[in-house]
Structure formats: structure tokens, C-alpha cells
Amino acid sequence: MTDTISEEVTEEQRPLGVYTRPKGGNGWRDWITTVDHKKIGILYGAAALFFFIIGGIEALLIRLQLATPNGTVLGADMYNQVFTMHGVTMIFLAAMPLAAAFANYLIPLQIGARDVAFPRLNAMSFWVFLAGGIFINLSWLLGGAPDGGWFGYAPNTGVIFSPSVGMDFYAIGLQITGIASLVSAINLTVTVLNMRAPGMTLFKMPVLTWMLFVVQLLLVFAMPVIAVALFLLMFSRQFGANFFNTEMGADPLLWQHLFWIFGHPEVYILVLPSFGIISEVIPTFSRKPIFGYDFMVFSGIAIGFMGWGVWAHHMFVSGIGPLSVAAFSLSTMFIAVPTGVKILNWIATMWGGRVKFSSPMLFSVGVISMFTIGGLSGVTHALSPADTQQTDTYYIVAHFHYVIFGGIIFGLFAGLYFWWPKVFGHMLDEKMGKINFWVMLVGFNMTFGPMHVLGLQGMSRRIDTYSPGFGFEAWNMVATIGSFIIALSVLIFLINVVTSVKKARGKPPCGPDPWDARSLEWMTPNPTPEHNFDEIPTVESLDEFWHRKWGTDDEGQIVRVATAEEVCQKGTATGVHLPSPSYWPLIFAIGLPLLGLGLIFNLWLTLPGGILIVTALYAWIFEPVDDPDGPHGDHHEVNEEISEGASDV
Amino acid sequence: MDTSETTTDVEEEHEHHEHPSDGKYMQIALILAIITAAEVATYFVHIGDALIPTLMVMMVVKFWIVAAWFMHLRFDSKMFTRFFVSGIVLAISVYFIFLTVFEFWTEG
Amino acid sequence: MKKVWLVFTAAVLLALSGCAADAELDTLQPQGPTARDIDNLLDPVLIIAYVVFFLVFGATVIIWWKFRDRHEDEKFPKQIHGNTKLEVLWTIIPTLILAGVSVFTLITLSSLNSRETNEITLQVENESVAWEPEVVVIGQQWWWEFRYYFDGLDGVDLSDARNLPPADIVTAGQLVMPIGQEIELSVTSRDVIHSFWIPALNGKRDAAPGRVHPWKLEADEPGVYFGQCTEFCGLSHSRMRMQAIALEPEDFQTWVDQQLVDQTADQITDEAVARGLTVFENQCARCHVVNGVNEDTSIGADLVSNAAPNLTHFMSRTTYAGGIFNLYEPDGTVDRTQLEAWIRNAPAEKPAYAQGRRGMPALGLSEDEIDDVVDYLQTLGTPPSSFIIQATEVD
Amino acid sequence: MSEETTTGLSHNKLAMWVFLGSECLLFGALISTYLLYRNKFYDGPAPGDIFDIPFTSVSSFVLLMSSLTMVLALAAIQRGDIRNNRLWLLTTALLGAVFIGGQVYEFTTFIREGLGYTTSPFSSAFFTLTGFHGVHVSLGIVMLMSLLISSYRGKLTQKNSETVEIIGLYWHFVDVVWIIIFTVIYLVPNPTS
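Protein chains in written order, with this note's numbering: chain A, 1 to 649; chain B, 1 to 108; chain C, 1 to 395; chain D, 1 to 193.
Mixed in with the good hints, there may be bad ones.
Just the calculated beta-carbon pair ranges, DEER-fashion [to be verified]:
#1 Val498/A x Pro214/C: 44 to 50 Å
#2 Leu141/A x Asn345/C: 29 to 35 Å
#3 Glu329/C x Val498/A: 57 to 63 Å
#4 Pro214/C x Ser467/A: 45 to 51 Å
Covered stretches of chain A, going by a simulated chain D footprint (3 or more residues, C-beta under 8 Å) [said to hold, decoys possible]:
#5 529 to 535
#6 561 to 570
Quick caveat, the hints were computed from the structure, so don't treat them as lab data. Beta carbons are placed, not taken as given, at the ideal position from N, Cα and C, and that holds for glycine.
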């Protein structure tokens with residue numbers, strides 16, 4: 001595991017002699033040892049897109065099964081596994097890590113930092129997430145995928161009712177990805193608080209950073225709750241604990257409460273990054289500042305805070321008392337207010353602007369209109385009596401896909417198009433981007449629009465088949481066709497990526513500021529150099545980058561004071577001292593699934609898992625702060641700040 | 001969630017108050033020991049309806065003493081207190097509602 | 001974008017206005033007072049939602065037409081950073097609207113949870129009984145049981161649905177009730193969580209093991225009202241259906257009279273039926289009860305849920321196997337082919353987990369035995385009226 | 001090191017506090033689960049039947065005092081007093097070990113008296129909650145021992161006293177959690193069968 005190093009290094013640099021750090025470099029070795037937040041961001045993005053495609057294939061299978069009455073494509077058992085894994089994959093392995101990709105890549109850049117507070121922990125978060133994602137999907141090969149729904153309601157997830165190992169993979173796998181989320185959240189929380197550029201007060205942070213910050217706080221407090229729920233499930237299944245054993249007087253609603261105490265903040269964990277992204281995109285393309293920055297920030301905080309008081313609206317028919325239903329019904333209704341404020345503020349930002357409908361902007365407007373539909377159907381669920389008709393029908397499926405697909409996936413695609421040049425140094429093709437958007441919009445509405453009707457006509461959720469004669473046939477067929485149109489739009493995106501990469505090969509990177517953007521990350525060249533900023537800028541205002549480019553003349557007209565090329569740094573600084581790569585995050589991450597497999601199949605397997613984990617932890621601690629053999633630049637002022645700014649944990 | 005306050009974010013004064021002396025720590029530990037003794041005494045001496053409130057008050061006092069003195073929250077940055085208190089307040093309110101929904105308080 | 005939306009919205013409006021013909025589960029065509037209360041709450045909110053949506057969408061369209069950048073020059077629009085008054089205004093307005101909505105929500109909620117005490121007089125075994133209409137609803141994998149206790153539920157311990165005292169009437173798949181009466185339900189489960197839902201009469205309520213949830217149903221007119229289990233409950237969740245059959249009070253009395261009759265062997269004259277009874281006693285009676293043949297206590301112990309449908313008045317129902325097969329053809333003849341297929345190899349007809357003691361297993365009966373047992377089953381109970389048989393047919 | 005950050009606080013210490021905030025929700029969920037099930041003892045022993053308050057009081061006291069020794073260890077290293085630092089670190093670890101020993105003894109007694117992990121919802125919830133706490137204490141002991149080893153290797157000096165402080169924060173947190181558990185689970189009158 002260690003490089004052989006010929007040069008001499010001091011005892012101080014290599015405390016235990018063996019735990020050296022790998023050198024930076026190129027190729028796969030660089031990727032698996034990297035602690036660079038940008039590379040980790042890219043890894044998150046790639047892994048998330050991979051799982052997004054897997055989850056999408058599962059969605060297509062679901063739609064094929066339901067295209068016609070009495071469908072036989074999957075069969076009941078397989079259908080239950082596929083819909084469970086579709087939910088688990090899309091939420092935990094696609095949407096959350098895609099948001100994490102943006103958080104990792106952009107938070108340090110937007111606040112003017114060289115990296116996150118704990119670069120190695122950051123790498124660990126990614127590898128642990130990936131290990132968890134692979135672990136859950138291993139269940140397909142090792143005895144069947146989870147079949148109790150992503151919500152895993154007890155006691156249907158107990159060994160009697162779900163005897164395959166699927167739910168064990170679910171409980172342990174989500175626990176593993178939960179570790180990743182929690183560690184990453186603590187890391188980014190500290191980063192936002194502690195590593196802002198001089199002058200960047202909290203209220204000069206871009207809205208995206210703010211929203212991502214709220215998300216990290218939500219994760220910090222929500223992950224332990226699902227962790228406990230999953231522990232209870234795991235102990236029940238593995239060791240015969242009686243948390244959900246109703247024969248002994250246990251209450252099956254315990255799981256539901258714990259799950260949704262986590263689950264509702266989770267909705268905002270998913271949606272706020274997208275809100276943040278479009279809050280960056282819309283002002284840029286409207287050529288106006290965001291309307292009501294303070295309101296945007298505070299409504300984000302309010303959503304995050306109120307998200308803790310509405311969880312039981314998932315349980316209006318579960319048998320909780322009428323007083324609880326009334327209370328949660330009211331709290332749910334009023335969470336619509338801060339969300340509504342956001343939508344109106346985005347509209348006000350565009351209003352009176354000179355709006356360029358480039359592809360990131362199209363996707364953002366898509367978020368506004370599609371999320372509005374999801375939000376409004378959400379209000380109809382808040383009417384708890386009406387929810388007794390709607391819940392667990394396709395009306396709910398329609399609702400949350402308008403929120404999650406319309407509100408989140410569209411936003412994340414806006415982000416992909418917007419920051420692609422930032423990350424890779426070339427633009428994605430605009431024309432294909434627009435086609436991508438329109439195809440996705442049509443496919444999305446064809447798939448999920450009819451589900452409102454199906455739900456109101458009484459089609460239950462999570463059914464693997466339905467009989468003819470209930471009026472479900474036509475709309476199901478439309479939805480299935482729509483789902484393939486969505487698949488086509490994702491294919492268009494992938495083709496766009498491939499052709500754009502090919503087109504850009506051999507050409508110089510695109511300019512530093514393709515969109516006339518506003519925030520700090522665009523002050524570095526495209527693609528971002530390894531050290532981010534040549535010199536940490538001092539921030540004077542919100543939209544610092546924009547204000548360095550544009551000023552006002554005597555008549556109040558906006559005039560250019562500098563070109564983007566002048567404002568942007570050259571990215572040519574040398575000798576910037578960056579945290580060194582490390583093997584141990586990856587080694588640690590490999591240990592966890594082994595531990596999990598050991599718990600499920602054979603306790604002996606936990607031994608190598610445990611050894612890897614303990615070794616990795618101790619090696620990590622005793623690993624020198626820096627690569628003793630790595631290049632050391634001249635220590636001028638800026639460099640001091642870097643080595644101090646990024647801690648060694 | 002209360003990190004939204006604007007006033008404290010930059011240049012939070014770097015507090016280096018003198019930490020208590022070892023003797024002071026011993027005194028605090030003595031107080032903790034006395035409260036614990038009082039707590040345990042309630043097991044043997046019956047005080048009726050006042051029992052649970054008394055126990056809760058003593059518990060909170062002990063908690064507060066350890067957090068404030070041993071964990072240095074009294075002397076350290078308010079940011080730390082904020083995160084800890086956020087966690088505690090959120091936990092108490094969420095789980096209080098949780099138990100209320102289960103009609104835990106009325107069941108006795 | 002605009003056109004797509006027009007088409008789509010038109011389609012939604014069409015569906016919402018209740019044009020859907022075959023929609024037995026439609027939530028927007030209430031057939032009873034409770035469901036109507038819910039519908040009356042939803043409709044105005046849907047209208048508000050449409051208005052809000054068209055405002056937002058209209059604004060987007062205006063931005064698209066009016067504020068689109070058509071000249072690629074560097075001219076900037078007026079830079080507006082916000083407008084506190086406006087923002088406060090559009091915080092307050094939705095708050096007020098929602099406050100109004102919440103008042104109506106609370107009113108509906110309280111009516112949904114209110115209980116009407118209305119006793120009806122029934123003749124039970126030649127005695128007049130004042131019965132407050134109450135039915136115990138029990139979900140299990142993957143069918144519903146309904147139990148009627150004419151002495152009321154006061155002395156009935158429902159906390160353990162797997163061990164209930166014998167009831168006056170035990171039926172499965174179809175809840176029979178009189179019209180114009182509020183029927184109080186006690187919903188519970190014998191294994192996992194299910195959800196009881198007759199959309200035309202009321203919303204749904206979960207059936208959770210160890211918990212008894214009150215709910216109610218009331219129908220205006222006689223008819224067959226369809227339902228479907230809506231809480232994911234495992235393998236055959238989609239094949240767990242039920243119906244509420246609402247009858248005129250006198251028809252309900254007739255139904256009660258018929259259900260109170262036990263099946264005794266000395267009525268049997270036909271030889272095939274007698275052989276069928278033997279098959280039943282040797283095989284089926286391990287899990288299924290026929291009053292007069294075996295006892296309603298501790299049968300079904302082979303099953304996780306501790307129960308299988310009571311078959312005493314099998315022919316009085318129009319569906320079986322969790323409400324997924326029709327017992328009768330529309331003309332009133334028995335669909336023997338399907339019934340025989342079910343008895344021959346139940347797991348092939350409906351996914352279950354028989355080896356895990358859930359669902360009906362394949363018993364390995366010979367074709368003769370199947371014929372006989374079907375002959376026997378056909379003697380159990382009185383067929384319902386052709387009105388009900390036809391109302392059960394969905395196609 | 002900490003002077004370089006925006007807030008002037010060290011990354012490590014801030015991260016530990018954020019983590020402790022998170023842990024509140026974890027233990028909150030476990031305690032609430034226990035409270036929900038304290039009456040659900042099925043056919044097994046009830047909490048009121050088996051809790052040995054005098055015994056648990058002693059071990060609680062031991063854990064409480066370990067907080068004192070922990071803070072004394074920190075004060076020592078902050079003064080640069082390595083000898084006393086080692087002494088108090090060792091004492092803290094030992095007190096922690098005594099507490100864990102007490103818990104092991106308590107668990108074995110309970111099991112002997114018929115309260116196994118799978119006896120009832122109450123037993124599962126009890127062992128899970130106190131077990132989680134015990135694992136936290138054990139991890140703390142491992143960390144303290146690591147500090148000691150590192151001290152004997154000459155790596156633990158006044159300069160990195162913050163490491164001691166951060167592990168101390170964790171240790172005190174585990175202690176305050178026990179303050180709550182001791183009152184809420186043991187001292188509040190318990191149902192008997």
C-alpha cells in the first residue's frame with residue numbers, strides 16, 4: 001500500500017515510518033487517492049449519473065410492467081424489488097450525490113477557498129458513498145434486492161414478511177451511505193463557516209452556497225435519525241430484536257415516525273440545492289441581481305427549519321390521532337408560504353430583465369413551472385381529509401415526481417449545463433441542450449401529468465398490476481410512452497457530453513466567463529486550476545465577480561469597467577501548497593461493505609473488513625500532514641494560508 | 001439553524017479567557033457529586049408528586065454544569081454553544097412531539 | 001410549451017369533471033356523505049391551485065414574450081435588488097389564503113372524525129336486537145375479513161386480531177352494509193400494515209397490527225363500491241381488493257338472516273357434495289372455517305396471519321381470492337373454470353408465499369377431488385341478487 | 001492554527017461540536033424509543049423488577065468523576081505538564097473502563113434474571129440504548145489510550161493540546177448523555193410487572 005520512497009525524510013514528516021502519502025500525479029491512481037474537492041466533485045457527479053441511469057432503467061421497467069393491464073414483464077416479486085430499488089437509487093444514490101457533486105465542487109470556489117476544511121474526510125465521504133451504493137446493488141446478485149419499498153414500513157420489512165437478504169442490504173447499505181452524508185455534511189458546514197475569503201460575510205455568500213449550507217445543517221441533524229431507524233431494523237432482522245414485533249406489543253408506527261422525521265427534512269435536502277442552482281442561473285441570464293436576496297436566504301432557512309415539523313403528513317391515514325393530524329395538517333400548509341415566496345422572487349428576478357433563454361435558463365424556468373405544479377398538488381395533500389383519498393395513490397406519485405423530477409432533476413441539469421465549462425473547460429452544445437430540455441419537458445409531463453388523473457381515478461401506488469375496466473389503461477400507456485421520451489432526453493444529454501468533449505479536444509479552453517456570471521467561482525480560469533485561486537480575492541459585495549466587471553456611470557447606466565479576462569485570475573500561480581493525496585479514505589471505504597457482507601452472510605467476513613477499517617483509521621491519523629516528497633513551493637504569504645486553512649484531518 | 005446571525009461571523013473575538021484552576025474543577029465535581037447523591041436519595045426517600053420535576057431539574061443542572069464548565073462552553077465561542085443547543089433543542093422538540101403523537105404523556 | 005400545456009390541462013379538466021366512464025375507484029365521484037365532505041373541501045382548493053398555477057405560468061409566458069433578450073448587445077435592464085413591501089405582501093397573501101383553507105380543513109377533519117350513534121333494529125335469531133352498526137375490518141396478506149358482532153364491541157378485545165372471539169357473522173372480501181346509515185369500522189390487521197379504502201364512500205385508513213383504528217362508511221344508494229388495499233403489504237399487494245355492498249335495510253336484514261344459518265352435513269343428499277365435504281374436512285378445514293363443520297377458534301394456525309377466509313356463505317359473495325376473481329358470470333352462472341384453477345394451484349393464479357405460510361398453497365388435489373370440492377362449495381350460502389352480480393363485473 | 005479561519009475557531013473543534021449536535025438527535029431517538037417501550041415487557045421482567053439503582057448509581061458516579069479527571073488532563077497539557085496529563089488521561093480511561101465493567105456486570109445479571117436481548121420490546125430497547133452508550137464510552141477509552149501511546153512517543157505536547165480538548169469534548173458529551181439516561185431510565189419510577 002505504500003510507495004517506496006528513496007529520498008530521505010525526517011522523523012517528523014513520517015512519524016511511524018510506513019505511513020507515507022502517495023504523490024500527486026495523473027491517471028487512475030491520482031483519482032483514487034485524490035483529496036481535491038474538485039476531483040471529488042467530479043467523482044460524485046459521475047457516480048451519481050451512473051446510478052441515475054440505473055434508477056432510470058428501473059423506472060422504465062416499472063413503466064413497461066404497467067403499460068398495459070395484467071402486465072407480465074416483471075411479475076410481482078421482481079416488480080417489488082425494482083420499484084424499491086428505483087426509489088432507493090434515485091434518492092440516495094442519484095439525487096443526493098448529484099447535489100453533493102455541486103456542493104463539493106462549488107462551495108469552496110464560491111466562498112473563495114482552496115479546498116474544504118477536511119480534504120481527506122471529503123475523499124472518504126465519496127468512497128464510502130460509492131461503497132454503500134455498490135453494496136446495495138450487490139443485492140441483485142446475492143439473493144435478491146430489497147422488496148419492502150424505499151420507505152421500508154415495518155413490520156413488512158421483518159424477516160417473516162421479507163425473508164430474502166434484500167432488506168438487510170437496504171438497512172446496512174443506507175447506513176453506509178448515511179455515514180458518507182453525515183461526514184460530508186460536517187465537513188462542508190465547517191468549510192462554509194471557517195474558510196470564507198476575506199470580506200465574505202455570511203450575507204455576501206451566493207444563494208447557492210447558502211442553500212447548500214442549510215442542506216448540510218439538515219443532514220447533520222437528520223442523518224442520525226434515519227441511522228437509528230436503520231439500526232432498529234438491522235438489529236430486528238439480524239439479532240431478533242423486538243422493535244417491530246407487534247405480537248409482543250411493539251408499535252409498527254415507531255418506524256414510520258423515525259423514518260419520516262428523517263424523511264421530510266430529506267425532501268428539503270434534495271430540493272434546496274436545486275433552488276440554489278437556479279438562484280444563480282436566473283439572475284445571470286436575466287442580467288439582473290436576484291430579487292430579494294435576504295428573502296431568498298431566509299425562506300431557505302425557514303423551509304429547512306419548518307421541514308422538521310411536518311413529518312407526520314406522510315402518516316395522515318396511519319392511525320395517529322385526529323389532533324396530531326390537525327396539527328401536522330396546519331404546519332404542512334404553512335410550509336407552502338416560504339416556498340411560494342421563492343417562486344415569486346424568481347419570477348420577479350426575470351421580470352423586466354433581458355432574459356437569455358440558454359439551456360441552463362430553460363431548465364431553470366422548467367423548475368419554476370414544474371415545481372409550482374408539485375407544490376400546488378402538495379397543498380392539496382395538506383388538506384388532511386382530502387389526503388385520505390389521495391395518499392398512496394398515483395396522485396402522490398405524480399406530486400412527488402413533479403417535486404423531485406420537476407423541481408430537482410431539472411435544476412441539477414440546469415447546473416450541469418451552467419457549470420460544465422467551469423469544470424471541464426468547454427461548453428456543452430447549446431442547440432442540443434435546448435433540444436434536451438424540450439424533449440425532457442414533454443416526456444416528463446407525459447409521464448407524470450397523467451398520474452394525477454390516474455391517482456384521482458383511484459389507482460393505488462406500488463401495485464405491480466391492475467385490471468382492465470377501472471379506466472387506467474389509456475393514461476398508463478401515455479405515461480409509459482412519456483417515460484421513454486425522458487429516457488431519450490437523457491440519451492441526448494449523454495450524446496451532447498460525448499460530442500462536446502470530442503469537439504473540444506485539442507482546442508484551447510473556452511473563455512473564463514461564458515455566461516457573464518456573477519459569483520466568485522468564475523474568477524478562476526476554466527477549467528479550474530488545481531489550486532483554485534492564484535490569490536484569494538477580498539470580497540466587497542454579493543455578486544463580487546459581476547461587480548468587478550460592471551460599474552455604473554454618472555447617469556446610473558451600467559457600464560463595463562473591466563473585461564472578464566482582466567478580472568479573472570490567470571491560474572498560473574506555482575508552488576501553491578496543496579493537501580497531499582491519501583490512500584486511506586479508499587481503504588476505509590472498502591472495509592465497510594465487507595463488514596456489511598459479514599453481518600449478512602458470514603461473521604468471519606467482518607474480520608478483514610474490521611482490519612481494513614482500523615488500519616485505515618490509524619494510518620490516517622499517523623499519516624504526515626504533507627507528502628514529504630512532494631514539491632514544496634516558495635512559502636509566500638498566500639501559501640501559508642493554504643496549508644493552515646485546510647486541516648489535516 | 002441559528003447560525004444565520006450576521007453579527008458574529010467575521011472576526012469573532014478570539015476569546016482566551018482563563019480557564020478555571022484545578023481547584024475550581026474539583027469544587028465543581030464536588031457539586032456534581034452532591035447533586036448525584038441527592039438524585040440517588042430520591043430513590044430511597046419518597047417525595048411524592050414532586051419527584052419527577054425534582055429529578056428533571058437536578059438532571060438539567062448537572063448537564064448544564066458539565067457542558068458549561070468541563071466542556072468550556074462558558075468560555076468558548078458562542079458558535080459551539082449554538083450548534084450544541086440547536087441539536088439539543090431540535091432533539092427535545094422533535095422527540096417531544098413524537099412521544100405526544102404516541103400519547104406517551106397521557107398514558108402515564 | 002404553451003400548446004402542450006393547453007392540451008394537457010384540457011385533459012386534466014376533462015378527467016376532473018368526472019367524465020371517466022369506467023372508474024369504480026374514482027375519488028371525485030362521492031356516493032356518500034363522508035366522501036362528499038372530502039370532495040367539497042378539495043374542489044375549491046383545486047380551483048385556487050389552478051388560479052395560482054395560471055398566474056405563475058402566465059408570468060412565465062409574459063417573460064418569454066416580453067423580456068426575452070432579442071438583441072445580443074450589452075445593454076442592461078434596470079437593476080432591482082428587491083422590494084420589501086412587495087415581498088412582504090406576497091408572503092402575507094398566501095398565508096391568509098392558507099389560513100382560510102385551514103379553517104375549512106379543520107371543519108372537515110372534525111366531521112370526518114365525528115361519530116353518529118344510530119341504532120338499527122335487526123332480527124337476529126328471532127330476537128329483536130338494537131344494533132349500532134359496527135364492523136370489524138381486518139387486513140391480512142392478501143385479503144380482507146369483516147366481522148359482525150351484534151351484541152356490540154364493548155366486550156370484544158380487538159387488541160390481538162389473531163385471537164378474536166367468535167363473531168355472529170364472518171365474511172371476506174365484501175363488506176355488506178345497509179344504506180343511509182353510518183357504519184362504524186374498527187380497522188386492524190393480523191400481519192403487516194394494510195390500508196382500507198372504498199373511495200366512493202370515504203378516504204382510506206391504515207390497518208396496522210396491534211392497533212385498532214376507527215373509521216366509517218356511509219352510502220346513499222344501494223350498490224357495489226370498489227376498493228383496493230393501498231398500503232404496500234408485500235408480494236400480492238396489487239391483488240388485495242375489496243368491495244362494500246350497500247343494501248336497502250330490508251335486503252340487509254335478509255342478508256343477515258341468511259348469514260346466520262350454519263352449514264350442517266345432514267342437509268347433504270348429493271354424493272359428489274358429500275365427497276366434497278370429505279375433501280374439505282381433510283384439506284381445506286385446516287385453515288378455512290365453515291360454521292357447522294369446524295370451529296372458529298385456532299384454525300389457520302398454519303398461516304402467519306392465523307386465519308383464512310370463512311367459507312360458510314361462500315356463494316353469497318361475488319368475488320374470492322382477495323377480491324380478484326369473480327365467482328359468477330354476468331348471467332348468474334358460476335365461473336367453475338376459474339374456481340377450479342384456483343383450487344388446483346392457487347399460487348399460479350395469485351402470487352403468494354405459501355411456503356412461507358402466507359397465502360393459499362397448491363394442495364395437490366386430483367381432478368375428481370377438485371370437482372367434488374367445487375360441488376360442495378356451491379352448496380355454501382345463497383347467491384346474491386343479479387343486481388349485485390352485475391354490479392361486480394367491471395369490464 | 002485557528003487564527004487563520006474566518007471565525008477564528010479551529011476546524012477540528014468546530015467539527016467536533018457539529019458532530020455532537022448531530023449526536024443529540026441520535027441519542028434522542030434511542031431514548032424516545034426506550035420510553036415508548038418501557039411498558040412493553042411482554043412476559044419478561046419489567047424495568048422496575050430488575051434495575052439495581054444502588055449499583056448503577058455507583059457506576060454513574062464513576063463516569064461522572066471521569067469527566068473531572070478528563071478536564072484535569074486537559075488543564076495539565078495546556079500548562080505543558082505532560083506528567084500530570086498522562087496521569088489524568090490514564091485515570092479517565094480507567095474510570096471509563098470501570099464503568100464499562102459495571103455495564104458488562106449489569107448486562108450479565110439481567111440476562112441471568114431472564115432479560116435477554118430478544119425477551120421483549122422493552123429489553124431490546126434497553127440493551128440497544130445502553131449498548132450504544134457503552135460503545136461510545138469504549139470508543140472514548142480507545143481514543144484516550146491512543147492519546148497515552150502518542151504521549152509516551154513524545155508526540156503529545158502543549159502545542160497539540162487541542163487534540164486532548166476535542167477528545168475531551170467527546171468524553172464529556174458521553175458523560176452528559178449518561179446523566180440523562182441515569183435519570184430518565186433508572187431514577188424515574190419504573191413500571192413493575
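Cross-check of the supplied hints:
no. : hint                            : verdict
1   : Val498/A x Pro214/C: 44 to 50 Å : violated, 60 Å
2   : Leu141/A x Asn345/C: 29 to 35 Å : holds, 30 Å
3   : Glu329/C x Val498/A: 57 to 63 Å : holds, 59 Å
4   : Pro214/C x Ser467/A: 45 to 51 Å : violated, 30 Å
5   : 529 to 535                      : violated (count 0)
6   : 561 to 570                      : violated (count 0)
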